[in-house]
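Once you've looked at the hints, dock chain B against the given chain A.
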Amino acid sequence: MGIDFFILMKQELLIALIIFILLFIKVGSKEWKNEQVLNIVNVLLLINFAAGFFGNKEGMLFNDMFKTNQLIVLEKCTLNLGVFIISLQAYSWLKNHKHVLEFYMLLLCTLLGMFYMISSGNLLMFYLGLELSTIPLAALANFDLEKRKSSEAAFKLIMSSAFSSGLLLFGISMMYGTAGTVNFTELSQHLDGSELQLFAFILLFAGFAFKISVVPFHLWTADVYEGSPVAITSYLSVISKGAFIFAFVAVLYTVFKPLADIWYNMLFLLSVLTMVIGNLFAMRQNNLKRFLAFSSIAQVGFILVGISGSSQAGTASVIYFILIYIFSNLGAFGVIALVSSLTGKEGIEDYKGFYKTNPLLTWGLTIALFSLAGIPPTAGFFGKFFLIMAGAAKGNYTLIIIAALNMIVSLYYYLRVVKAMFMDKNDQPIEKLVINNYSKLALVICVGGIVLTGFVSWIYDYIYSLSTGF
Amino acid sequence: MNISLLVILPLLTAIALLFCKGLKQVRTVSLIGAVAQLALAFLVLILYWNERSAGNTAQMLFELNYTWFAPLHINFHVGVDGISIAMIALTAFIVLAGVLMSWKEDRMPKEFFFLLILLSAGAYGFFISLDLFTMFFFLEVAVIPKFLLIGIWGSGKKEYSAMKLALMLMGGSALVFVGLLGLYFNTDIGGGVHTFDLLQISQMHIPVEVQKMFFPFAFVGFGIFGALFPFHTWVPDGHSSAPTAASMFLAGISMKLGGYGCLRVATYLMPDAAHAYSWIIVLLATIAIIYGAFATMMQKDLKYINAYSSVSHCGFVLLGIGMLTQTSITGAVMQMVSHGLMTALFFAAIGMIYNRTHTRMVAQLGGLLKMMPFISTVFVIAGLCSLGLPGFSGFVAEMTVFMGSWQNPDTMYRIATILACASIVVTAVYILRAVGKTVMGPVTDSHYLSLKDASWNEKFAAGLLIIGIVAIGVAPFWLNELITPATDTIMQHAVKLVTIK
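Chains as they are written, first to last, in the numbering used here: chain A, 1 to 470; chain B, 1001 to 1501.
Chain B extracted, bound-state conformation:
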């Protein structure tokens, strides 16, 4: 299995898109590309499963290592473990759903789908990279498509949001850049030769003071991508101005780049510093969770509601990472997958409502269930998943994070856990209020009565995401089994190095 196909396939799709003429061809090519991505992701999953059950215990499977810039020891090194596979599957789901959701996009469709597919190529490349240079390369590849998607096809104050997002994410990657260079020049693979190779660096013992110096750069840098408080301000603006598919990509995929980077690069490679700074991470994550939840209460626009609740939910990811127990990190990864699916579904539902009613204001909506039962159901499901109802993925993920956090015996950490738990109540309030007002009750505007329910493409997209959510909610052990070996490795590594010190 050549794992780099995951990058090559979207790139080929994007190149094919350049030669398309007319809306029909563009749609067909993007749909074929997205379906092929999903098929490929499943193929990778199955092959991975087979290898593991055949007893292959290597840390990374399907490794490929090509020399790229030999004098600087930069390699194109890729491979996957359970965490990457989960992220890849998530990406494939959202890409297909996003393409289906933007089926009706007739304003410069070629450019639109081209950028969407390019964004997905960046995400896949990031998740499979095992070389820090390659990883950074793909991280930045994913920034510019977002800028153009929001700025050209967005709504509201789109130019401002696009610029803010691009600059803040660029700021994040600038910090990551400093962190990576600092790490690079403190590695030694013999003879004073440095390396960017993730696996090789994890085998070395980077001096603790070096870790302490560069961990903040890497963690905050990736954290900006993952809505780390107080660098979360691009999230509400970016999400609310973006077109539906771009919101889905942004919240579903691109914020996960941050969480994944915090875990894989910052925490895994610099475990001593992660221990030393974990209280700051936990503090910031708790603030994000509570602040996000209360800020959501104040919002009147559906997209802003979902965007702020994303800040709160992504706080759980960082909380899980900061708690540094095996269960909490597993929970963080699960929360990434769950939040990706759930928030994409939420944005899809909001997009469908907005396309029909042309408003996203909660106050102006009402009684949609009568005209659009399907869309309303999707909206309710997304809401319930978001507030953590058992049976959906949100419950499983948040529960795991809380259990893992509680395992951390420190008193202050337990207080943080309790506070984070309590935020669920606030979540329930804003979700139920928003859902109740828009879906139930009397119809607020008479012209809503003539509106139509979801079309086939929207039904497919929503169905796809709901399958994912329910599958994780009902059978979380699949995901758990997939992730646990990988988080085990990360934790063992961290513990081992800590005891050496």
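Next up, chain A with everything else stripped away, as it sits in the complex:
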């Protein structure tokens, strides 16, 4: 214990501290204005993000239940950055909301849960983190208090989460039954590939697949994304997904390494399904939030291609891609959040002629969409290229060809939005919007990230140097 305890758990402790600060503000007698609270929270989140870069150390705590190293710290920093951007983007929505403090408390609780999940060295600890990250999220999905759709989304989220938790727990208990341990390092030595164990593994795998909305476990995604407030939609599709993928990669590559042949085939099948179905459904959407929901399903398909590479380059490309994905997807959601909070419009139709009235927002959204589609010079190109390259190292070119074809399909629907904004005529385009400074800052961070993360190769080099594979 001692000083090591504080250094190893600094990110978790900081978030807990912020939660407590917010709690004190809440119970204190002084009435705070929403703007003040938001300013304080944003500064705290920035400090939280920055603190991740100092005093890093590798080590284990609590009987190997909690482990951390440079890579895990980096992953958490990535998530912190995403939360900071989301918080900036939510400013115009939360400014008039009654429960700002509760919003942030719940949000940070889920983030804390994700951190524990990423750092877990034990199946039980993993489950604990996962639940902590899920239950407050359902409350958050309901945060548009007057909207029925929001409650519906929350209910769907909690039901499907409960179901996937059930699968996961069932898997964990059988895994414990066959291997006699829940500790990750011991578990990997006790994997013998017996039928019961494989069944347990499949259940665990399905639990993950639920969380990162892999087809055919994706059915909750679109409705929940559409109903939730935009801030939560972006949180679900970027932060929550990113965290689960980080954990997924770690668990697959370390604990279930002996079963690599089995999960390679599962990943192959699921990634093809996810890319194809995600893309086909995204083509038909007219609500931008639903559209991004399906496109983010398709993106997960590409990520699975990278994971299937199971090399050092595979891990690195997945983390690199998620970093880029945070910038691109949040860039897109940022514009949509702004438009939605000021005008209430969310349809692709509404964005016709958007360029005439809001050229800067249009360019922001366009760059973000191009990055999602993987068009150079945006960072998305590098991210996708490296993901698929990592997958190609296995020599399975069927998968690569399918992925490449899916990139064309995805380009089609991203271009559809670009076309609506630039080319289509509209008698009543969205009027000129006044952008607050926080949203502006968020958009600048996102666009800057999209432009720079690709060219500046040391970001990838750094991630690669921390990554491991087999």
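Since the hints were derived computationally from the structure, they do not count as laboratory data.
None of these values were measured; they are calculated from a predicted model.
Positions of the beta carbon are idealized from the N, C-alpha and C atoms, including for glycine.
One or more of the hints may lead you astray.
Unchecked claim - Calculated pairs, DSS-like style, for lysine-lysine (alpha carbon to alpha carbon, straight line, at most 25 Å):
id, chain 1, residue 1, chain 2, residue 2
1, A, K33, A, K98
2, B, K1459, A, K425
3, A, K425, B, K1104
4, B, K1164, B, K1452
5, B, K1370, A, K440
6, A, K432, B, K1110
7, B, K1157, B, K1104
8, A, K147, A, K425
9, A, K356, A, K440
10, A, K356, B, K1459
11, A, K345, A, K98
12, B, K1024, A, K419
13, B, K1164, A, K425
14, B, K1452, B, K1104
15, A, K356, B, K1104
16, A, K425, B, K1157
17, A, K356, B, K1110
18, B, K1021, A, K440
19, A, K419, B, K1110
20, A, K356, B, K1157
21, A, K356, B, K1021
22, A, K345, A, K432
23, A, K432, B, K1021
24, B, K1459, B, K1437
25, A, K419, B, K1157
26, B, K1370, B, K1437
27, B, K1110, B, K1459
28, B, K1212, A, K394
29, B, K1104, B, K1212
What the hints assert, rightly or not - Computed list of chain A residues with no C-beta within reach of chain B, every gap over 12 Å:
id, residue
30, I21
31, N56
32, C77
33, E146
34, R148
35, Y264
36, S340
37, I375
38, T378
39, M389
40, L405
Chain B only, in chain A's frame:
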């Protein structure tokens, strides 16, 4: 000489454009940028010439190699040989002509010129790349500006054309992507380390079955950019919907990316597969040439005429590559340069006519020579060059391709050559018919009588392109001397590897 200036200069111009206010500043900055590009291209040409005459026989000159993504062995590796120089000069010519031609563009001029310049940056980057990753990067950089240029500033069914073009070109680059990855994972520079470096890969012997597997991906992928039959369908729609300058860029520069890629990546790096599949390439190219020519006959719209004739003319490029003799490949490169200049001139002339008469239908035009002697002359010159009149570049290039093709002794290949030759007659028919109807004869519409001839910027643009065409037509040996060492290398390489097998 830092060759990457060729990319940096357009990028700086594009960034400068972002800070411009008003039409005047935008025009000035783009014109300065385009002139600087041309000057730079000439400087590169002269320096290259000096190096060569000083006896420097390195395959690539002015090489630069920076590590980009070290763990994946991706480098920013650039350099030029004769073929790249020819392409760079072509690009610089067309950029300047295109900027001049769109001088009057007042609808969102900043965005328009920004995209044009960005497109040129992609093209330069592609032509100087010696690393497959860098090359692919620039290839895709050039796709999106085209989509926006056609979709926003185009005419007719522009959204459809823009989408079709973007998706088909993206499909092409997806195939290229698979081909490049397949190549990458079969290279070995020691210790199981793979590389994207073009020169290093050319020194290795990629196993024949690997070549046979990935050659089609690379060749068809690049072929889509270069209007390979049956993937040429984006060409007519894209060209006819695009604004004038974008048509010039599209036909003049961007279709050349395809031909260059087919030659430099597919054929050069996978020569065994190129030999094995050459009959398919020749077959498709011959179909494209004949089909393109006959399809052109049926067109009534001037832009469609030029677009379909581009399909036919680009067929000669692929025919030259597919024939795999030294002369035919030289001819293919010459045809790329010649077709680039000629078709840009053609589109410029059509644009000028359309701006004044507001129609591109051959049937509605007539007697333009009386009111617009300059434009009509330009139009006639472009037409004559297109049908291969001696004295213009078209003759030189097509002649070289035919001579080279005939050197391939196989009977079927000779039949293909004869058929391709015969298409020239069809070309003559449609060109003379279109030119005769629009330029000569009675004036079909009385309000044409009040139309004005070309303005100074249009005269400059057309003059520039005509100089290029005539220079190649009269003194083809310059271009020939520039290209031949490079095509020699490619051929020696191919022959060497074939005999090893």
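Hint-by-hint comparison with the structure:
1. Pair hint K33(A) plus K98(A) holds up; C-alpha atoms about 10 Å apart against a cutoff of 25 Å.
2. Distance hint between K1459(B) and K425(A) is unfulfilled; the C-alpha atoms sit about 35 Å from each other, more than 25 Å.
3. Note on K425(A) and K1104(B): the hinted pairing holds, with a Cα-Cα distance of about 23 Å set against a maximum of 25 Å.
4. Distance restraint check for K1164(B) and K1452(B): the Cα-Cα separation of roughly 36 Å exceeds the 25 Å cut-off, and the hinted pair is therefore not satisfied.
5. Of the pairs offered as hints, the one joining K1370(B) and K440(A) is violated, with about 58 Å between alpha carbons and a cut-off of 25 Å exceeded.
6. Proposed proximity of K432(A) and K1110(B) is supported: the alpha carbons are some 20 Å apart, at most 25 Å.
7. For the hint pairing K1157(B) with K1104(B), the CA-to-CA distance comes to about 22 Å; that is within 25 Å, so the pair holds.
8. Under the criterion of a C-alpha separation no larger than 25 Å, the hint pairing K147(A) with K425(A) is inconsistent with the structure, at around 31 Å.
9. The suggested pairing of K356(A) with K440(A) holds, with an alpha-carbon distance near 19 Å, which does not exceed 25 Å.
10. The suggested pairing of K356(A) with K1459(B) is violated, with an alpha-carbon distance near 34 Å, which exceeds 25 Å.
11. For a cut-off of 25 Å, the pair hint linking K345(A) to K98(A) stands: about 22 Å separates their Cα positions.
12. Proximity of K1024(B) to K419(A) is assessed by CA-CA distance (about 28 Å); at most 25 Å being required, the pair is judged violated.
13. Taken as a hint, the K1164(B) and K425(A) pair is honoured in the structure, with Cα atoms around 20 Å apart against an allowance of 25 Å.
14. For the hint pairing K1452(B) with K1104(B), the CA-to-CA distance comes to about 15 Å; that is within 25 Å, so the pair holds.
15. About 21 Å separates the Cα atoms of K356(A) and K1104(B), which keeps this hinted pair within 25 Å; it holds.
16. Pair hint K425(A) plus K1157(B) holds up; C-alpha atoms about 14 Å apart against a cutoff of 25 Å.
17. Between the alpha carbons of K356(A) and K1110(B) the distance comes to roughly 14 Å, so the proposed pair stays at or under 25 Å and holds.
18. A C-alpha spacing of about 22 Å is found between K1021(B) and K440(A), which places the hinted pair at or below 25 Å, so the restraint holds.
19. Distance hint between K419(A) and K1110(B) is fulfilled; the C-alpha atoms sit about 19 Å from each other, no more than 25 Å.
20. At roughly 21 Å between alpha-carbon atoms, K356(A) and K1157(B) fall within 25 Å of each other, so this suggested pair holds.
21. Of the pairs offered as hints, the one joining K356(A) and K1021(B) holds, with about 17 Å between alpha carbons and a cut-off of 25 Å not exceeded.
22. Between the alpha carbons of K345(A) and K432(A) the distance comes to roughly 14 Å, so the proposed pair stays at or under 25 Å and holds.
23. For the hint linking K432(A) to K1021(B), the alpha-carbon distance of about 20 Å falls within 25 Å, and the restraint holds.
24. For the given pair, K1459(B) sits about 23 Å from K1437(B) by alpha-carbon distance, which is consistent with the 25 Å threshold.
25. A threshold of 25 Å between alpha carbons decides the hint, and for K419(A) with K1157(B) the separation of about 13 Å falls inside it, so the pair holds.
26. At most 25 Å may separate the alpha-carbon atoms for a hinted pair to count; K1370(B) and K1437(B) meet this at roughly 13 Å.
27. Between K1110(B) and K1459(B) the CA atoms are separated by roughly 23 Å; this keeps the pair inside 25 Å, and the hint holds.
28. At most 25 Å may separate the alpha-carbon atoms for a hinted pair to count; K1212(B) and K394(A) meet this at roughly 19 Å.
29. As the CA atoms of K1104(B) and K1212(B) are separated by approximately 50 Å, the hinted pair breaks the 25 Å bound.
30. No Cβ of chain B comes within 12 Å of the Cβ of I21(A); the nearest lies about 41 Å off, and the non-interface call holds.
31. Non-interface call for N56(A) relative to chain B: holds, since the shortest CB-CB distance, roughly 21 Å, exceeds 12 Å.
32. Residue-level check passed: C77(A) sits 20 Å from the nearest beta carbon of chain B, beyond 12 Å.
33. In this structure E146(A) is separated from chain B by more than 12 Å, as the shortest Cβ-Cβ distance comes to about 38 Å.
34. Interface exclusion of R148(A) from chain B stands, the closest Cβ pair being 37 Å apart, more than 12 Å.
35. The beta carbon of Y264(A) is kept farther than 12 Å from every beta carbon of chain B, the shortest such distance being approximately 17 Å.
36. The claim that S340(A) is not at the interface with chain B holds, since no C-beta of that chain comes within 12 Å of its own (minimum 26 Å).
37. Remark: the non-interface label on I375(A) conflicts with the geometry, its nearest Cβ contact in chain B lying 6 Å away (cut-off 12 Å).
38. Taking the minimum C-beta to C-beta distance to chain B, about 10 Å, the non-interface status of T378(A) is violated against the 12 Å cut.
39. A Cβ of chain B approaches the Cβ of M389(A) within 12 Å, the least distance being about 6 Å, so the stated non-interface status is violated.
40. Its closest Cβ contact with chain B, about 6 Å, brings L405(A) to no more than 12 Å, contrary to its assignment away from the interface.
When the structure is compared with the earlier hints, violations turn up for hints 2, 4, 5, 8, 10, 12, 29, 37, 38, 39, 40 and for no others.
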